Amino acid sequence: MTAFTGTDEAMHPTGEDRAWSESYYFNFVDSRTGVGMFTRMGFRPGNGWADALHAVYLGGSRVAFTYGRRDIGKDLSVYDGDLKVGNLALA
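Numbering (numbering that gives the first Met the number 0), first residue to last: 0 to 90.
Errors might be hidden in some of the hints.
[What the hints assert, rightly or not] Okay, derived cross-link-like pairs now, EDC-like style, lysine to aspartate or glutamate, Cα gap no bigger than 16 Å in a straight line:
hint, residue 1, residue 2
1, K83, D70
2, K83, D29
3, K83, D16
4, K73, D16
5, K83, E15
6, K83, E21
7, K73, D50
8, K73, D29
Keep in mind the hints are simulated off the structure, nothing from the lab.
Note that the structure is a prediction, hence the values are computed from the model and not measured.
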């Protein structure tokens, strides 16, 4: 088992590929109720923006979601601890 340190969740150096991104994913499903959730936040310095999607599956055909985008610079280290895009903030 690998021990995680405080730097494991810091932004990584960006690659040269325009589509390179730093992403955070979270999801769950409650098999008893059928309620589930999916969250993704991605920082794309090659495109100059970050976006976030949060979807909650409420059962049946009901889904609630939010999407947001913000402009960002190329140096992602300035966003360590600043994981906010639109109405979604990761802490």
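Check each numbered hint against the structure and report the violated ones by number, ascending.
2, 3, 5, 8
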